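With the hints as extra help, turn the sequences into a complete structure.
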Amino acid sequence: MEKKDRQISIKINGEEKTLEKAAKQEAAAAEEEEFQWVLPDDDPDTKVVNFQDYQMEKQKAVTEWEKAERRPLLPLKRKKKRKFVGAGQAPVFSIHKKLFISIGSAIIVGAIFGFMLLMLFTGDGEVARTTETPLTDKPAPVSATTAANVFTLDVQVVQGGAYTSDKSAQSYADSFTVLGYPAIIENAEKKYLFVALANSVEERNVLVNHFKNSGKDAFGKEWSVKGNIQLAKKEDQKLLKESKGLFQELIGMNVLGLRGEPLEKLGETTGEITALKQKIETATKEWPASSSESMGKFVDELEQAAANMQKYEETNDASHLWSGQQNLLNGLIEIEAVVHGLAKK
Numbered sequence: 017m018e019k020k021d022r023q024i025s026i027k028i029n030g031e032e033k034t035l036e037k038a039a040k041q042e043a044a045a046a047e048e049e050e051f052q053w054v055l056p057d058d059d060p061d062t063k064v065v066n067f068q069d070y071q072m073e074k075q076k077a078v079t080e081w082e083k084a085e086r087r088p089l090l091p092l093k094r095k096k097k098r099k100f101v102g103a104g105q106a107p108v109f110s111i112h113k114k115l116f117i118s119i120g121s122a123i124i125v126g127a128i129f130g131f132m133l134l135m136l137f138t139g140d141g142e143v144a145r146t147t148e149t150p151l152t153d154k155p156a157p158v159s160a161t162t163a164a165n166v167f168t169l170d171v172q173v174v175q176g177g178a179y180t181s182d183k184s185a186q187s188y189a190d191s192f193t194v195l196g197y198p199a200i201i202e203n204a205e206k207k208y209l210f211v212a213l214a215n216s217v218e219e220r221n222v223l224v225n226h227f228k229n230s231g232k233d234a235f236g237k238e239w240s241v242k243g244n245i246q247l248a249k250k251e252d253q254k255l256l257k258e259s260k261g262l263f264q265e266l267i268g269m270n271v272l273g274l275r276g277e278p279l280e281k282l283g284e285t286t287g288e289i290t291a292l293k294q295k296i297e298t299a300t301k302e303w304p305a306s307s308s309e310s311m312g313k314f315v316d317e318l319e320q321a322a323a324n325m326q327k328y329e330e331t332n333d334a335s336h337l338w339s340g341q342q343n344l345l346n347g348l349i350e351i352e353a354v355v356h357g358l359a360k361k
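So the numbering used here is basically just the index in the sequence shown, starting at one, shifted up by 16.
Just so you know, the hints here were simulated from the structure itself, not pulled from any lab data. Each statement offered as a hint is correct.
Only pairs whose alpha carbons sit at most 20 Å apart, straight line, appear in this in silico EDC-like list of lysine to aspartate or glutamate:
#	residue 1	residue 2
1	Lys-207	Asp-190
2	Lys-301	Glu-258
3	Lys-257	Glu-302
4	Lys-327	Glu-277
5	Lys-237	Glu-202
6	Lys-242	Glu-265
7	Lys-295	Glu-251
8	Lys-281	Glu-329
9	Lys-254	Glu-288
10	Lys-313	Glu-265
11	Lys-260	Asp-170
12	Lys-295	Glu-319
13	Lys-360	Glu-350
14	Lys-327	Glu-284
15	Lys-301	Glu-251
16	Lys-183	Glu-202
17	Lys-207	Glu-238
18	Lys-360	Glu-309
19	Lys-254	Glu-309
20	Lys-257	Glu-297
21	Lys-293	Asp-316
22	Lys-281	Glu-258
23	Lys-360	Asp-252
24	Lys-313	Glu-297
Note that the structure is predicted; figures quoted are calculated from it, not measured.
Dropping the structure here:
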């Protein structure tokens, strides 16, 4: 026989209950409390969801959240609007600043420069003293070295060469004179051989080509006679200036003859040379002896050159023109001696 399960019974308020049954009842009551029953909704309309409203509510919630996230924690400073400045225009403040800087720099530099000049002319720490001088009508004394006392003669020369010794220079000079051409030796830094004179580069080139066609080496250059002369009388200075002018006139007429052109002013120039010679004889008596002698020889060479050109006019023989060139070359040497003798030491 199977044994009956033992049960414990308890009487509560006169009612007898078994312990197993009571336990089951308590368990059932606990389960009922934990389980939530979901009952069906009798209203069918509540089951339909409006999707558009749902989306709008959701979007509104997101927007509110983003605004809250993006809102700065501290208040922001609002930037002030700047006035527009056109292209190439500087702000007014910048222009005024540059202007003040420029003025200030100019004042500082001027003050420094003025102080330097003051120290230069007054000495270290000394104050410049001004002295009043009475005004007079007398002109200021003219310095002995003035432009009026400077004698200058520029000519174009045809040169046959330059040599280091008199012997070699004379040897080549003879090769010109044997052909009837003029030649002189100019003693300068070297021994220069001059064979003709002209007033312009064009005239000089004509003579250079003539010598080259004759088989002689020649080239042209400018030659200057210059010196600061010392003469007590203005009349003597005028005589030198007049002599230079007649010398250049004869050079120009001689080249015209060599080019086959007529010598139209030869007679007038010859008369002027004669008058100059008379003046020179009187004026040079007070000159230094060497200068007086060289001046006399210079005028004689001018006179001889005019005479040779006159012979050319009469005979149409070009050899007289070359003889006239020789006189002019000799005159160049003499006028150099005059200027050097009158030059201030």
